[in-house]
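Chain by chain, the residues:
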Amino acid sequence: MSKKDEVAIDSSDEHESNRLGDHKGDPADSHKEQPLGNDQSNPLDNEQGNQVTANKAYQHQLVAKIFNMQPRVSLENGTAERFQAELETETNRDVNDQTDTQTNYQTDTQNNIQTDTQTGLNVYTNNFIENGIRALSITFPTVEGLIGEDSFRVLSRKFLRHEAKASFDWAEYGITLPTFIEGQEALETYPFLSEVAELDWTIHCVQRETDKKFQPATFASLESGDTNALRFIAAPGLQTRNFWFPVAYLYQLIHEPYLQSEEGMLARKALLKKITELINNAINMTTPRSLVLWRAEYKAQFEYVSDAEADVIQKINAHASVDVVIETIGTHNIDLVEWLTKAISNKLIFAVA
Amino acid sequence: MNSKSHTKPNSLIGVGLRHSHYSEALSAETLENDVLNAQNESGTKHNIDFVEVHAENFFAAGGASRALIQDIAQAYPLSLHGTSLGLGSTLSVPVDILQQFAKLVKSTEPILVSEHLCFNRAEVNGVVLHSGDLLPIPYNTDSLQTIVANIHQVQESIQRPLLIENLSAYITPSQLVALTKDDMTEFEFLASMCEAAGCGILLDLNNLIINELNRKTANPLELIKQRLDALPAHIVGEIHLAGYTDKSSASPKAINQANQSHFIIDDHGAPVSQQCWQLYQYALQKFPGTPTLVEWDTQIPEWSVLLNEADKARSIAEQIAVNIETPSLASHR
Chain A
1 MSKKDEVAID
11 SSDEHESNRL
21 GDHKGDPADS
31 HKEQPLGNDQ
41 SNPLDNEQGN
51 QVTANKAYQH
61 QLVAKIFNMQ
71 PRVSLENGTA
81 ERFQAELETE
91 TNRDVNDQTD
101 TQTNYQTDTQ
111 NNIQTDTQTG
121 LNVYTNNFIE
131 NGIRALSITF
141 PTVEGLIGED
151 SFRVLSRKFL
161 RHEAKASFDW
171 AEYGITLPTF
181 IEGQEALETY
191 PFLSEVAELD
201 WTIHCVQRET
211 DKKFQPATFA
221 SLESGDTNAL
231 RFIAAPGLQT
241 RNFWFPVAYL
251 YQLIHEPYLQ
261 SEEGMLARKA
271 LLKKITELIN
281 NAINMTTPRS
291 LVLWRAEYKA
301 QFEYVSDAEA
311 DVIQKINAHA
321 SVDVVIETIG
331 THNIDLVEWL
341 TKAISNKLIF
351 AVA
Chain B
354 MNSKSHTKPN
364 SLIGVGLRHS
374 HYSEALSAET
384 LENDVLNAQN
394 ESGTKHNIDF
404 VEVHAENFFA
414 AGGASRALIQ
424 DIAQAYPLSL
434 HGTSLGLGST
444 LSVPVDILQQ
454 FAKLVKSTEP
464 ILVSEHLCFN
474 RAEVNGVVLH
484 SGDLLPIPYN
494 TDSLQTIVAN
504 IHQVQESIQR
514 PLLIENLSAY
524 ITPSQLVALT
534 KDDMTEFEFL
544 ASMCEAAGCG
554 ILLDLNNLII
564 NELNRKTANP
574 LELIKQRLDA
584 LPAHIVGEIH
594 LAGYTDKSSA
604 SPKAINQANQ
614 SHFIIDDHGA
624 PVSQQCWQLY
634 QYALQKFPGT
644 PTLVEWDTQI
654 PEWSVLLNEA
664 DKARSIAEQI
674 AVNIETPSLA
684 SHR
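Respectively, the protein sequence lines represent chains A and B.
Just so we're aligned: 229 in the working numbering is position 229 of the first sequence, and the numbers increase by one with no gaps anywhere.
To convert, take the position in the second sequence, counting from 1, and add 353; that gives the working numbering.
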């Protein structure tokens with residue numbers, strides 16, 4: 001930027017301030033504002049009313065611009081568009097009011113303002129994109145690990161453009177990424193990526209579930225209590241999910257520290273071979289595999305389970321009575337004592353109540 | 354509400370506690386280190402008197418973050434810094450978000466609770482969208498009424514006063530909508546807001562500097578000092594110090610983030626700038642005994658480097674405390 005430009009910007013700020021000051025007391029300007037308010041009301045009320053509308057229009061426009069969205073005419077009477085037209089009118093009027101020399105100077109100033117506005121907007125848009133990429137990389141670490149940082153940035157950028165952020169918290173953003181990935185032709189070489197994203201999202205949510213207290217002593221009531229009235233209290237986030245692809249092994253491939261080390265190279269190769277086979281077999285599978293997810297302490301846990309075990313877990317999640325759960329276990333010929341011991345020791349269930 | 358009595362503890366020095374420092378900050382070695390834990394004049398046991406965390410990082414209903422915030426609150430006096438309430442938004446703060454915020458305040462009992470002078474959301478095409486950013490508001494009467502009402506609502510909910518941080522901004526609202534004219538200056542707005550809402554100011558010196566540098570102000574520090582002179586001392590409840598990435602030494606990614614613009618981006622990605630230290634010396638003379646926090650949020654350094662920055666702040670604070678007449682200092686405590 002040249003020194004001349006710097007001076008122009010300084011002057012533009014001052015001029016803008018003066019112009020606004022003049023605007024307050026200029027009858028012509030007051031007249032111009034009348035259609036926005038009530039002609040009969042106090043001029044101060046009018047001004048306040050105009051501010052209310054103008055502030056809303058500004059917030060609406062800035063957010064829409066950050067999201068690169070074309071807002072529909074959603075403010076009363078096309079307010080946003082009218083403000084834009086007024087902005088242009090005022091700009092033209094200001095330029096016309098100057099002497100020739102001043103006009104050139106002012107034109108430079110207005111160009112600078114416009115450039116600055118766009119540059120400022122770019123900063124906010126860029127902040128949104130960068131914050132979004134960072135948030136998505138935290139929520140979907142396995143997806144990022146599988147396709148690499150650069151590809152993940154490209155994917156995230158596209159997703160951020162596609163899915164506007166309607167949540168307060170970045171941690172709640174991204175639920176539709178698995179579906180979005182399915183539609184990305186560039187990711188066809190990763191047919192499993194959508195399911196991996198679904199696993200990442202589920203783990204993320206499980207880890208944010210409300211805490212529960214593990215109460216092993218309550219299991220004693222299974223022997224003495226009314227098992228038809230009792231229910232198993234599930235671990236935070238307990239659920240089953242079906243996946244066609246070997247998502248648990250793909251997760252392991254990316255996150256297990258040993259597999260990232262030199263000593264773990266052979267094990268990594270073996271796991272990769274296994275994953276490749278399972279991916280190829282996925283095409284021929286008739287049913288997906290069940291994965292159970294839960295949180296025993298702070299970290300989400302997951303493991304593959306049989307369809308029979310998944311059925312039992314679904315009964316627990318549906319708040320079925322202990323009797324019904326035991327009946328389901330019997331139907332599937334699962335050893336009750338073995339199942340119960342494992343469920344308690346793994347903290348799949350936290351209590352009986 | 355009397356903001357002074359609730360929001361201005363003795364001259365405390367803190368640091369922003371971010372994810373990469375959790376382990377070290379909470380390690381037994383750190384918490385038991387005699388050198389680090391030498392008692393300061395206020396009897397606090399760490400060489401940092403408090404840490405600041407971003408409230409939204411602990412909004413999860415359960416899990417590790419809930420446990421972590423309790424550990425942090427047990428180890429250090431806490432400052433809870435909200436970044437998502439968008440108190441200047443013309444849309445009201447949703448009840449559920451406010452409840453999460455209030456629940457966190459209640460469970461952690463922080464010494465300071467703060468938010469920003471900004472908006473962050475708007476309804477576009479029938480959907481309320483959240484920018485995830487701190488966006489500037491016009492300094493006019495309507496904005497004042499909006500933010501005061503929202504601050505009242507939050508303060509009622511948390512049963513204590515807020516501190517509101519001044520913003521770094523890359524656009525002026527009237528650049529987008531001409532009629533969002535300012536009818537007061539930023540500091541006039543802040544002072545009126547504090548008077549009407551009973552809140553205080555979190556004075557971010559780095560934000561003031563960045564705004565003036567981006568406006569190409571000839572003598573930014575002199576201008577800011579003049580503004581500080583006009584600010585009622587009793588409303589300043591906390592000071593933030595930070596640095597920004599010098600683009601001449603920035604990584605390609607950082608330059609990309611700056612969008613090849615002439616703007617300095619408030620990235621908190623460097624040591625506290627020399628200008629910021631100079632301004633801090635001046636500000637502390639105006640607002641002695643004000644709790645001070647060093648922020649470093651990107652390109653985060655070693656924990657020890659951050660602590661060194663806190664030490665610099667403490668040296669300045671102690672030097673100024675000695676130079677200032679005792680009654681003047683006592684009046685702020």
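Fair warning: there could be bad hints in the mix.
As the list claims (entries may be wrong) - Just so you have them, the derived chain A footprint on chain B, three or more residues with Cβ under 8 Å: (1) 413 to 426; (2) 471 to 478; (3) 645 to 655.
Unchecked claim - According to the in silico footprint, chain B covers these stretches of chain A (three or more CB under 8 Å from chain B): (4) 146 to 154; (5) 178 to 187; (6) 204 to 211; (7) 311 to 320; (8) 340 to 353.
To be verified - Quick list of in silico lysine-lysine cross-link-like pairs, DSS-like style, CA-CA up to 25 Å: (9) B:K569 to A:K212; (10) B:K639 to B:K578; (11) B:K665 to A:K299.
What the hints contain is simulated information worked out from the structure, not anything from laboratory work.
Don't be surprised by glycine CBs; every beta carbon is placed ideally from N, CA and C.
Query raised in the report: Which of the numbered hints are not met once you compare them with the structure shown?
Result: As far as the earlier hints go, 3, 4, 5, 7, 8, 9, 11 are violated by this structure, in ascending order.
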